[in-house]
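Protein chains in written order, with this note's numbering: chain A, 1 to 114; chain B, 1001 to 1253; chain C, 2001 to 2602.
Some hints here could point you the wrong way.
For the chain B half of the interface with chain A, some residues (derived, Cβ under 7 Å), not all of them [stated by the list, open to error]:
no.	residue
1	Leu1039
2	Ala1041
3	Ser1078
4	Gly1081
5	Asp1163
6	Leu1241
7	Leu1245
If you are wondering where the hints come from, they were derived from the structure by calculation, not from laboratory data. Built from N, CA and C at the ideal position, the CB exists for glycine as well.
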Amino acid sequence: MTHLPYFVAAYLLLMGLYGVTTSRNLIHLILCLTVVQAATYVVLAAVGYRPGATAPIFADISTHRPAVDPVVQALMLTDIVVEATVVALLLAITVQIKKRTGDVDPDRVDEFKG
Amino acid sequence: MSRGWRIFLFVFGAAGLAAAFAALSLPLPGPSSLRSRYLEAINSRTVPERHATDAVSAVNFDYRGFDTLGEEFILFVSVSGAMVLLREGREQHGKLLPDGMARGREVAGSDAVRLWVLAMLAPKILFGLYVVTHGQLTPGGGFQGGVILATAAFILYLGDGFDCFRRVVPHGLVEIGEAMGAGGYVAIGLLAFLSGREFLTNFLPLGRPGQVTAAGTMPVISLLTGLEVTAGFTLLMFSFLQETLTPKEDIDE
Amino acid sequence: MEFPWRDVAPLPVVVPLGMAAVLAGLGNYIPRRALDIAALLTSVGTVALSLILAAGTVHAPLIYWFGGWKPDARHFPIGIGWVIDPISAGLAAFVALQVTLALLFSWKWFRVVKSLYHVLMLVFLGAMCGLCLSGDIFNLFVWFELMTAAGVALCGYKCHEEGPLQGALNFAVSNSIGAYVTLVGIGFIYAFTGSLNFAGIAAALAARPPPPLFLACVLVFVCAGFLVKSAVFPFHFWLADAHAVAPTPVSVLFSGIMVELGLYAVARIYFGMFAPVFTPHVEAVRVLLLAGGAATALLGAMECFLQHHLKRLLAFSTISHVGLMLIALALLSPAALAGFLLYAFAHGLIKACLFICAGILLHRFGSLDEHVLHGQGASIRGIGVLMVVAALGLMALPPYGTFFASNLVDYARHSEREWIQGVYIFCGALTGGAVVRFALRAFFGLGLKAPVAQATPQHEARETRGDYDRVPIPMALAGGLALALGVLPVALPAYRAAFHTYAAALIGTHLFSAAVLGGPPASIAPSPLLPKLDYWPSLTSLAFALVLVWSVLVPVVRRGTHAVFETWRRFQHFQTGRVGDYVAWLVAGLAAWAALLAVQMR
């Protein structure tokens, strides 16, 4: 089962995408987008994982102890900031859409036919 | 395109993506035999070379510090962007909002909640500052601590409503603080640059591992990031709360 | 003392970002005039810095390590490295030039919110420059995300109308999903190679080549975000919605440089990391990209000709030309890549000019619809002439860069794949013809005044203030400047030859790998080959365009062609404006792209 985390990531990715595809409410859609993003966290965490290794904090352990990959954790931090950004911008857009149209259903768009 | 076609298209694609995921993950060796020279390099060099005991922070604020500069600006731009997107237009004033969009009204908080907020405020700020300043030693840093500090502002709203939030949080100062957080990071990079080294080179004395001041520019960058994140999230909350809670008469663009 | 080229390297990113922070801090205290000047000076300065960098790297690429983290003793890159050559630095200069034009357009009359508009534009500039110069896959991703975030905010800038909000929403969701897939790809490539540096990854892949299936999937995954950004079929739907509703200066940047950067990033990723391991499969990649390019080009061109709203028409035209650029890129040879780059520069400036013309129309008349404007534009015919002249560039007529570029592509296909020339002629005629038709109707009142469809709003909100009876000089200046800069430098054979030389260098980026990882320095050898020029395809395109325009504008003929256009209209059913549909297309498209590549590589 060494590849289980990747399958979890695939599951999260596809479920999130399904939610985004079929969503009838923008807030729900945004949350589904964060589920898609969760897939990237799982992939990154899985890539950095080593059996028996500790966290890469050497405050009270020797640097020779095996530790998991700090690089992917740093990448994940960036990823989290990206998520916060996207959610903030999309929620702001949603607030305005609700105000203009009184509706948050992404399928009720008349603006761009054709 | 009907919903049925859309779901058909999605299922077709999802099956393909699932297969692609299998094709990507199965050739990888299991975690025990996965090797990364990056991991080995960083974990063995961080303490002796940078005097930082948190390797993740060392990657964030030093080895790959330039990524973090971009990351900080992602937050910075999202705050500016949200402020643009949430602004109230003058042309909107006369118009009626659609049904069901009466502005949100606040429910008055109870004394118990207020007392709890008052009690939480100091520990929250203290804890946030601790996380910001100890980023290079133990898990934490500017991003994590900044979010904790921003929640200190947020519980003000929870306790006593938006008016209290607006009174206590100096909006103009927070805006300047946010810009200083982002600009300060650039300035730190340029300081190294002006002394003839590469941009963002860690040029301060490294100190002793375990000290709060250890690891050269890392704690400085961490502090600036903390400032940026605290101010950024506070501004985000301010924009959203103002947009949904302020009575229309109050607004002057 | 030699000029310190090295010290200039980070400045095209650092200067705009730093200035953005300064302007944000001063937002409440700084007058409009000072904001305009500060932003313009910054973007002009960035042009200069990037040109200095380009000049400094003509003989050898410049390798810059942030934080001074050079590769360790075992040649492993530990920090973030940039590999700067004249192409990447020149592209950064081009980015800054486009931002300068956009800022010139917005001078004084564009409605701004405190300093936020200028801040967003400068961050957008810095992010795009970072994308040009980066040599590290995760660093590239960071700039890509920064570009998306700034782009979404700018796209929804006119947030008091429904269109821009929906456009920004579709933009944000499509691009975010693309970015997540890219990040998953980066995760897997890191798992396999243990590196994030282009050269490091290329070296690791060469030392231990992964199975073909893995390669096919990882290439498509890593490129996903960039393909969405550059609006390649079937990831293109968001673009028409977003570009058409963004404020004019933002549309200039979206169509003029952002989509081109998406393709450029694909080129950098492919040639920087994957080209060596894909050597046995190069034909598979070629077929995949050619198919994607042709589909994008044809679909975009067909939809373009059906539009009556100028910005939307131009947005579909951009999609079509992205397809043409992807076809050039797909040939994967130095001449074709030179064609791609030359095309990107030329097309970017033509589109900038056309969008600026659209902005002037909006400023002057408060509408962009061909039928609403019918004949109204007579008072500013100069702008109409400018539009028609720019439209000739879309048909790849000399002396535009597009002409030289399509000749390069024609040369690069070595007399195989005749259809490529056909696609270039057809798409050029349709996209150029659509603009000519619009100009003839709006400025010269040709053709019948058709009844305006009920759904079309007669007027849309203006994005500018001031005197609506005149064309502000900075706006006209920006339009004219865009066109002039698009034509003048290309006339120099040395300029065109440079593209060829440095395209060859870009293709050989993996040859820089040794230099990046601490080996001997790399050098760039000139290859000043230029093909003989063939005028017939461009003239055919022009003739076809004229026939098309004639068939629409002359009533008698129009009745005959009506049925044909009605059939075309079916393509529009796919453009629903619903983000759910777009995501379904995106998912299916990714699967199809990966499958197409994997099947051929078997």
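Restraint outcome when B/Leu1245 is required to lie within 7 Å of chain A by C-beta distance: Check failed: Cβ of B/Leu1245 comes no nearer than 12 Å to chain A, outside 7 Å.
Status of the hint placing B/Ser1078 at chain A (closest C-beta pair under 7 Å): holds (4 Å)
Chain A contact restraint on B/Asp1163 - CB to CB distance below 7 Å: violated (20 Å)
Hint validity - B/Gly1081 Cβ closer than 7 Å to any chain A Cβ: holds (5 Å)
Satisfaction of the B/Ala1041 interface hint, Cβ to chain A closer than 7 Å: With a closest approach of 9 Å, the B/Ala1041 hint is violated.
Evaluation of the interface hint that places B/Leu1241 against chain A, nearest CB under 7 Å: violated (11 Å)
Restraint outcome when B/Leu1039 is required to lie within 7 Å of chain A by C-beta distance: Holds, because the Cβ-Cβ distance from B/Leu1039 to chain A comes to roughly 4 Å (cut-off 7 Å).
Violation of the numbered hints given earlier is confined to hints 2, 5, 6, 7; the remaining hints are satisfied by the structure.
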